[in-house]
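Chains as they are written, first to last, in this note's numbering: chain A, 1 to 265; chain B, 266 to 535; chain C, 536 to 795.
Calculated directly from the structure, the hints in this document are not laboratory data. Note that the structure is a prediction, hence the values are computed from the model and not measured. Glycine residues also receive a C-beta, built at the ideal position from the N, C-alpha and C atoms. A hint or two may mislead.
To be verified - Across the chosen pairs, the derived CB separations fall in these ranges:
no., chain 1, residue 1, chain 2, residue 2, range
1, B, F530, C, F756, 44 to 52 Å
2, C, A789, A, P63, 42 to 50 Å
3, A, G142, B, F530, 40 to 48 Å
4, C, A550, B, F530, 50 to 58 Å
5, B, L526, C, E593, 47 to 55 Å
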Amino acid sequence: MLDNSPSIQFRDLVKRYGSEGGGSLLVLDEINLAIRPGEFVSLIGPSGCGKTTLLKIIDGLIPYDAGDALVDGKPVTGPGPERAVVFQSFALLPWRTVRQNVAFGLELRGIKGAEADEIVDRYITMVGLKGFENHHPSQLSGGMQQRVGLARALAVNPRILLMDEPFGALDAQTRNLLQADLERIWEADQKTVVFVTHAMDEAVFLSDRVVILSPRPGRIHEIVDIDLPRPRGEEIRTHPRFVELTQHIWDVLRGMIVRDQEVSA
Amino acid sequence: MSVTAGLAGFLAQPGVGSMSVAIENLRRNWISVLSAAALIAAWEVVARIADFPYLPPPTRVLAALWTLSLNGTILKALSATLFALMIGLGSAIVLGIGIGTAIGLSRIARLTLGPFIDALMSASMTAFVPLFILLFGLGIETRIIVVIAFAFFPIVVNTQAGMMAAREDLIEMARSFGAGRWEIFWKVRLPAAYDHIATGLRMGMARGVEGNITGEVLIAAVGLGALVTQYGRAFTTDRLFAIVIVIIVMSFAASRLAQMLCGIFMPGRR
Amino acid sequence: MATASGFSQSTDWKARYLPLLLPLGLLAVIIAAWQAIGDDSASIALPTFMRTVRSFYELIVSGELPLAFFRSNIALFWGYLLALAVAIPLGIAMGSADTVRKLVNPYLMILISMPLITVLPILQLIFGLGLMTRVVVVFIFAIVYIALNTCVGVRSVPVDLQEMSRSFCASRRQQLFKVVLPHAFPAIMAGARLGLGRGIVGMVIAELFLMSEGLGSLLSFYMTRFDTGAVLAIALTMVLEGVVVISLARRVEAALTRRP
Numbered sequence: 001m002l003d004n005s006p007s008i009q010f011r012d013l014v015k016r017y018g019s020e021g022g023g024s025l026l027v028l029d030e031i032n033l034a035i036r037p038g039e040f041v042s043l044i045g046p047s048g049c050g051k052t053t054l055l056k057i058i059d060g061l062i063p064y065d066a067g068d069a070l071v072d073g074k075p076v077t078g079p080g081p082e083r084a085v086v087f088q089s090f091a092l093l094p095w096r097t098v099r100q101n102v103a104f105g106l107e108l109r110g111i112k113g114a115e116a117d118e119i120v121d122r123y124i125t126m127v128g129l130k131g132f133e134n135h136h137p138s139q140l141s142g143g144m145q146q147r148v149g150l151a152r153a154l155a156v157n158p159r160i161l162l163m164d165e166p167f168g169a170l171d172a173q174t175r176n177l178l179q180a181d182l183e184r185i186w187e188a189d190q191k192t193v194v195f196v197t198h199a200m201d202e203a204v205f206l207s208d209r210v211v212i213l214s215p216r217p218g219r220i221h222e223i224v225d226i227d228l229p230r231p232r233g234e235e236i237r238t239h240p241r242f243v244e245l246t247q248h249i250w251d252v253l254r255g256m257i258v259r260d261q262e263v264s265a
Numbered sequence: 266m267s268v269t270a271g272l273a274g275f276l277a278q279p280g281v282g283s284m285s286v287a288i289e290n291l292r293r294n295w296i297s298v299l300s301a302a303a304l305i306a307a308w309e310v311v312a313r314i315a316d317f318p319y320l321p322p323p324t325r326v327l328a329a330l331w332t333l334s335l336n337g338t339i340l341k342a343l344s345a346t347l348f349a350l351m352i353g354l355g356s357a358i359v360l361g362i363g364i365g366t367a368i369g370l371s372r373i374a375r376l377t378l379g380p381f382i383d384a385l386m387s388a389s390m391t392a393f394v395p396l397f398i399l400l401f402g403l404g405i406e407t408r409i410i411v412v413i414a415f416a417f418f419p420i421v422v423n424t425q426a427g428m429m430a431a432r433e434d435l436i437e438m439a440r441s442f443g444a445g446r447w448e449i450f451w452k453v454r455l456p457a458a459y460d461h462i463a464t465g466l467r468m469g470m471a472r473g474v475e476g477n478i479t480g481e482v483l484i485a486a487v488g489l490g491a492l493v494t495q496y497g498r499a500f501t502t503d504r505l506f507a508i509v510i511v512i513i514v515m516s517f518a519a520s521r522l523a524q525m526l527c528g529i530f531m532p533g534r535r
Numbered sequence: 536m537a538t539a540s541g542f543s544q545s546t547d548w549k550a551r552y553l554p555l556l557l558p559l560g561l562l563a564v565i566i567a568a569w570q571a572i573g574d575d576s577a578s579i580a581l582p583t584f585m586r587t588v589r590s591f592y593e594l595i596v597s598g599e600l601p602l603a604f605f606r607s608n609i610a611l612f613w614g615y616l617l618a619l620a621v622a623i624p625l626g627i628a629m630g631s632a633d634t635v636r637k638l639v640n641p642y643l644m645i646l647i648s649m650p651l652i653t654v655l656p657i658l659q660l661i662f663g664l665g666l667m668t669r670v671v672v673v674f675i676f677a678i679v680y681i682a683l684n685t686c687v688g689v690r691s692v693p694v695d696l697q698e699m700s701r702s703f704c705a706s707r708r709q710q711l712f713k714v715v716l717p718h719a720f721p722a723i724m725a726g727a728r729l730g731l732g733r734g735i736v737g738m739v740i741a742e743l744f745l746m747s748e749g750l751g752s753l754l755s756f757y758m759t760r761f762d763t764g765a766v767l768a769i770a771l772t773m774v775l776e777g778v779v780v781i782s783l784a785r786r787v788e789a790a791l792t793r794r795p
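Given the sequences, and given the hints that come with them, work out the whole structure.
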């Protein structure tokens with residue numbers, strides 16, 4: 001696919017806090033960003049930089065105040081079938097089994113029966129949960145629950161995958177495993193992914209580009225190109241360029257946090 | 266959010282609030298106020314036009330209220346009602362907290378009395394009123410017994426829950442500082458139970474008021490309940506509605522009072 | 536809601552049998568005392584246990600009690616059904632729209648905090664002494680807790696579940712049936728149980744106030760004859776019905792809302 005027109009685009013995007021009631025605190029200040037189709041982009045920054053807000057604006061879950069947010073060239077007015085979200089809290093329906101949860105998006109679109117079953121089985125296997133189809137979320141570990149969330153999002157075959165700190169609630173070991181799994185799954189069909197995270201190494205491991213946002217108000221501070229080869233396995237974590245990039249991002253973030261503390265002190 | 270927490274949120278209206286709190290509430294709930302006012306206005310118009318025998322217009326109800334206040338009917342009935350209510354509630358509180366504490370602290374007592382109290386807690390005490398009438402007559406003793414029967418059980422159950430709610434680690438801590446059984450009770454168990462006891466008192470008072478009026482309606486001798494029966498039988502609906510208003514106001518006042526007392530005697534509760 | 540009976544998990548025989556023996560022992564003591572204190576000779580005195588049992592037996596055998604029981608519970612049945620049919624949608628509407636909630640809430644608050652027996656004379660004037668009045672009474676008693684609990688359940692849907700279903704482009708109707716209602720189900724069940732309890736209270740109050748058709752009229756009949764045994768038997772029937780029904784309702788609720 002040689003179409004390089006941006007999959008997602010922000011032009012001078014502005015978002016104010018409580019704009020539904022006419023608030024004045026600036027959350028996002030003139031964001032300009034273009035994401036190409038098939039690109040894996042991470043949004044990283046200290047709390048208050050608006051990265052989750054930006055993600056929700058892409059999905060049409062919250063409105064914005066000025067500028068443009070475009071998906072495939074068209075302004076965002078609400079959620080759509082070409083975008084799917086993976087949530088930090090997993091957001092699984094506790095009364096449904098794994099299989100019923102994964103089928104949720106399909107069900108909403110009227111896809112049922114054998115056709116849906118086939119799709120559900122495929123993605124449950126893909127995320128490594130075969131054998132757990134009839135379990136309920138309360139019987140699963142955090143990592144497994146997030147796999148369900150991932151399978152559910154993938155099952156509706158979105159062109160754009162939006163992930164809101166999906167591994168933030170998990171322990172370090174599970175996180176590393178899921179990062180590797182996500183990378184492997186993404187390699188298969190290379191959707192456009194916007195990935196919000198706190199962790200530098202996670203951003204570097206997964207992304208093509210890392211967007212560093214500064215807080216209060218949220219602005220793009222720097223965009224880092226991740227020129228590491230793909231596919232990426234565990235061994236890439238000790239690659240000198242990996243360490244260098246991670247260190248650089250951390251230096252930028254640390255500077256922001258320190259400055260933030262000095263200002264408020 | 267648990268169901269009880271949600272309901273507690275509904276029922277725990279801001280307590281003895283200042284004027285500014287009241288005005289703030291008014292501003293936030295103008296829809297409710299407006300709908301209530303609209304309803305009353307509609308009622309007035311419809312009642313005057315249609316002239317239903319059993320739906321007097323609000324103005325006539327207010328007039329009846331005025332008349333009854335002036336000629337002392339309400340005062341006489343209210344004092345009779347309140348007298349039985351206070352004695353009944355007082356007894357229920359003393360008995361309830363006493364027995365609740367005993368059951369909470371003693372496993373034997375809990376196992377023995379527990380099932381009966383549970384059963385009676387969910388029983389409909391109203392059914393016993395005719396029996397009380399038969400056994401104790403139509404006098405004030407019956408009315409007091411009815412109040413106690415209604416108010417006792419929520420108080421017992423919640424006090425007992427409160428006694429059992431004291432954290433083991435806090436009790437251990439107190440013991441490690443050399444506190445004896447009595448001190449542990451006063452300084453750890455009892456304060457930990459305040460919340461539950463307060464809930465029990467609120468429920469007990471609400472049930473007590475309900476029992477009080479119910480008993481009076483069925484006994485039909487003195488008090489506000491008796492007036493309800495009397496005006497109902499006489500078809501003087503404007504007076505009936507007037508008394509109903511007095512009862513509603515009294516119920517609200519009683520629950521506010523309960524909250525205020527809990528705030529005074531058991532400080533620091535949520 | 537707190538219950539008073541303790542429960543022990545140890546396998547010690549004392550722990551296993553005491554919870555059963557102690558209350559039964561107390562029951563035996565109560566019955567014995569009751570029999571002793573009771574006075575069957577005087578007309579206005581507590582009847583003995585045996586006398587009450589005998590009245591009970593006679594009332595059942597003669598068919599008076601079952602018939603009256605049936606008549607009274609028809610009102611409970613229809614009133615409660617009506618209450619569910621009205622209060623659950625009302626609760627959903629209240630939970631979904633703040634405006635509706637603010638509109639309806641004051642009336643529910645009034646109903647919950649006033650002795651509902653006071654509306655009985657008014658209802659009697661409007662609807663008379665028949666089944667209709669008793670149905671309306673049960674209805675009014677039951678709706679409050681059903682509506683309030685349903686509303687709380689609907690309002691308590693976690694934000695992330697709402698966002699998730701919106702992100703998958705669920706319509707409002709799909710959100711209601713696939714996310715909101717399944718989440719609110721335990722709360723609705725609790726409300727239904729509490730409403731049933733209040734409905735029974737309403738039935739009893741209507742019976743005693745109107746004394747028209749069922750257990751109430753039977754009770755009034757025996758009261759005028761000063762037959763304390765029968766009066767106690769009928770009163771106990773009403774009380775026991777409440778206890779048994781609520782206990783069953785609790786079991787049903789627990790079974791239906793059990794989550795793996």
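Status of the hints after comparison with the structure:
no. : hint                             : in the structure
1   : F530(B) with F756(C): 44 to 52 Å : holds (48 Å)
2   : A789(C) with P63(A): 42 to 50 Å  : holds (44 Å)
3   : G142(A) with F530(B): 40 to 48 Å : holds (46 Å)
4   : A550(C) with F530(B): 50 to 58 Å : violated (37 Å)
5   : L526(B) with E593(C): 47 to 55 Å : holds (49 Å)
Hint 4 from the list above is the single one not met by this structure.
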